[in-house]
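Please build the complex by placing chain B on the supplied structure of chain A, with the hints as guidance.
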Amino acid sequence: MKTISIIIKSLKEQIRSYWVLLLSLSMGPFFIFIYFLIMETSKPQYTILVVNNDKGVSINNRQINHGNFLAAYLKNTKEGSIAIPFTVNIVTDKITGIERVKNKKADALVVIDGSFSQAIEKRKLNDSTAMPKVEFTGDLTNTNYLISAVWANELLNEYALYATHNKKVVEVKETALGTSATASGFDMIVPGILIVSLIMLMFTASIAFVSEIENKTMLRLKLSKLTAFEFLGGISIVQLMVGIVSVLLTLFTALSLGFHYTGSLAIMIFIAGLTSLSIIAFSLIIAAITKSANEVLVVGNFPMFLFMFFTGAAFPLKSEAWFTIAGYPINIQGLMTPTHAISALDKTLIMNMEVFSIVPEIISIITLTLFYFIIGGIIFKHRHLKLT
Amino acid sequence: MKQTQMETMIKIEGLKKRFGDFTAVDGLCFEIFRNEIFGLLGPNGAGKTTTISIICGLLPPSEGKISFNDSHGKDHKSLIGYCPQENIFYPKLTCMEQLLFMGQMYGLPSKSVKTNAIDLLNLLGLEDKTNVRAANLSGGMKRRLNICLALIHNPEILILDEPEAGLDPQSRILVRDFIKTFGKEKTIILTTHNMDEADRLADRVAIIDHGKLLLSDTPQNLKRTVGEGDVLELILENSDENAQNQFAENIALRSMNIRINSESVLIKHPNIIEQLPAIKNLAETNGLTISEIKLRENTLEDVFIHLTGKSLRQ
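First to last, the protein sequences are chains A and B.
With this note's numbering as the guide, the letters of the first sequence map in order to residues 1 to 388.
With this note's numbering as the guide, the letters of the second sequence map in order to residues 1 to 314.
Check the hints yourself; a few may be wrong.
25 Å max Cα-Cα, derived SDA-like pairs, lysine to any residue [unchecked claim]:
#1 A:K222 to B:P109
#2 A:K318 to A:S357
#3 A:K222 to B:L58
#4 A:K381 to B:S62
#5 A:K222 to B:D203
#6 A:K222 to B:D240
#7 A:K12 to B:K92
#8 A:K12 to B:T94
#9 A:K2 to B:N131
#10 B:K186 to B:F30
#11 A:K225 to B:K111
#12 A:K222 to B:N69
#13 A:K216 to B:R133
#14 B:K92 to A:V245
#15 A:K225 to B:S62
#16 B:K65 to A:L219
Source of the hints: derived by calculation from the structure; they are not laboratory data.
Isolated chain A, as found in the complex (with noise of 0.2 Å):
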């Protein structure tokens, strides 16, 4: 009964302090939108332009030209089978190609020689001294020019083999994991930005601690019969809507704009949910070394940045492993929640693993947030629950 009036009483305040929490909530779709916008400014996009000077070939008075069907073969095969963002265009002539690629208006230039229908005709005729030519052109220092070139070939061959009604020699067999075949660097950074907005509650959550010493009315709970864990209960089940909702609109911003994901979406809320606690945990510390809202803002910066910029949260990061567990790697960004929070998410809603991949990720967090929790709780109450 005391937990939900404490519930309602921090819920009313919560709303009538919006600005505080229009911050928190509206910080991860902010996050979304920017980087939707980097995304897209600067999307790897492969511009092949072909240019066919095949004469092609007359048989049984039918006109057949193999620099058509390749031309149409390239298009065809990029709108319907790769992945990349791969766009086919046809130039008239050579001069006309090389000069748009110079002015990395594409990135390969593919000139059919005026003889690949009859070299294509004659190998179908099992003629081994024709060779049908291809000349590839681009700056070969550009890394668009190399994947350009490498997928050209690769249809080129496939088309090759296909006219000469020969089989492959090799068949090459690729596995994306998850929806990595399909997944956007966009998709890739949602899961992070996901626990960006859980993150924001730090503030929403030490400022509502820290409001009962600031305004002294930690004075009236103490006299009443308000225990300590029904006062950290009532608080942290707030925070924990409070960090719910802000993910679910972070979530939903995200879809908007063309985030797509895997797996089960009440495990993400459940791996929400554990982090909002572990934050929430973590606040509990923040709120015992200060005293009020500003200084709050002023404190909550430094673990703020940390949890942001040192966990993958908002960049992917790298680091070493100092030991593992179970196959599970430890490192000293491991000692804060949303590390493991941001590799759960990345399992499950990228890479679309069993959840009992997830599981040293869910235990990390757990124990951090208990660890979080005694401590923030044995400094509260050390400093603002003693009687004085």
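Coordinates of chain B only, in the frame set by chain A:
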């Protein structure tokens, strides 16, 4: 005060509180009766707030004990309502919201808390402010809300720390009337360094200084301790120390009590009116010019000065 039918509500025995080497409360012993208004009078730093904090359970005593007569079967927390000197409330909650919240914090059912809250808001003239956020109340209203919050759980003992401090005249009258009314049914402990406040409101007063109890009795009895008669207060235009000392010697020779303060001279005698012409003559003889003469009854301040040799305001 109905001393004959008094039933002890709080019994304080050998109460001591030490903070390191400093002893804030030094062996206090007194009783507070049911349905009386008990004033705890003393200068700043006398140990009033420490004593109150121990009674409220906010501080553990170093020595001694406090026992409560909880004939209503209430636990310690339900028994006491504390209204601190500083206004303490939730600025973003309305008057009704915070009264309901605090009532629920004492484990009371919502219905009875709401009834209590409405009664209290009416009693303290805040009925129009039921749905106004506390932050938007005037200073006097905040003080009254502070009292409402202390009473929402219907305690048997109400502790008021400097209840009239910083109040506007209208709020002061409201609070004073409330204390008098409430004191007929409940036990009230007032802590104050305002002698008039204690004199006007308290049935009994305990005067403490340096953590020690100096005297405890009704205001009338306490005032009798400094002798019968009224006090004449002379405000002097000049403050020549030699002249004042000479004047004091002459007054003392006429069997009158005299005390010289920086701004005034206090003279006490059972028939002070009859002595007034002689006093004026003596002042003129000693070269002192009287700018103002005040005649008043003994106050608790006189008692305090009599006991400690210094003013409460010092």
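Each hint tested on the structure:
1. Among the hinted pairs, K222 of chain A with P109 of chain B is consistent with the structure: their alpha-carbon atoms are about 19 Å apart, no more than 25 Å.
2. A C-alpha spacing of about 20 Å is found between K318 of chain A and S357 of chain A, which places the hinted pair at or below 25 Å, so the restraint holds.
3. For a cut-off of 25 Å, the pair hint linking K222 of chain A to L58 of chain B stands: about 8 Å separates their Cα positions.
4. Between the alpha carbons of K381 of chain A and S62 of chain B the distance comes to roughly 21 Å, so the proposed pair stays at or under 25 Å and holds.
5. Restraint check for K222 of chain A and D203 of chain B: the C-alpha separation of about 30 Å exceeds 25 Å, so the hint is violated.
6. Between the alpha carbons of K222 of chain A and D240 of chain B the distance comes to roughly 55 Å, so the proposed pair goes past 25 Å and is violated.
7. A C-alpha spacing of about 8 Å is found between K12 of chain A and K92 of chain B, which places the hinted pair at or below 25 Å, so the restraint holds.
8. Proposed proximity of K12 of chain A and T94 of chain B is supported: the alpha carbons are some 10 Å apart, at most 25 Å.
9. Taking the CA atoms of K2 of chain A and N131 of chain B, the gap is near 22 Å; set against the 25 Å cutoff, the hint holds.
10. Annotation: proposed proximity of K186 of chain B to F30 of chain B holds, straight-line Cα distance about 18 Å (limit 25 Å).
11. Between K225 of chain A and K111 of chain B the CA atoms are separated by roughly 18 Å; this keeps the pair inside 25 Å, and the hint holds.
12. For the suggested pair K222 of chain A and N69 of chain B, the alpha carbons sit about 22 Å apart, so the restraint of at most 25 Å is met.
13. At roughly 17 Å between alpha-carbon atoms, K216 of chain A and R133 of chain B fall within 25 Å of each other, so this suggested pair holds.
14. Taking the CA atoms of K92 of chain B and V245 of chain A, the gap is near 22 Å; set against the 25 Å cutoff, the hint holds.
15. Between the alpha carbons of K225 of chain A and S62 of chain B the distance comes to roughly 24 Å, so the proposed pair stays at or under 25 Å and holds.
16. Under the criterion of a C-alpha separation no larger than 25 Å, the hint pairing K65 of chain B with L219 of chain A is consistent with the structure, at around 22 Å.
In summary, the structure is inconsistent with hints 5 and 6 from the numbered list given earlier, while agreeing with the others.
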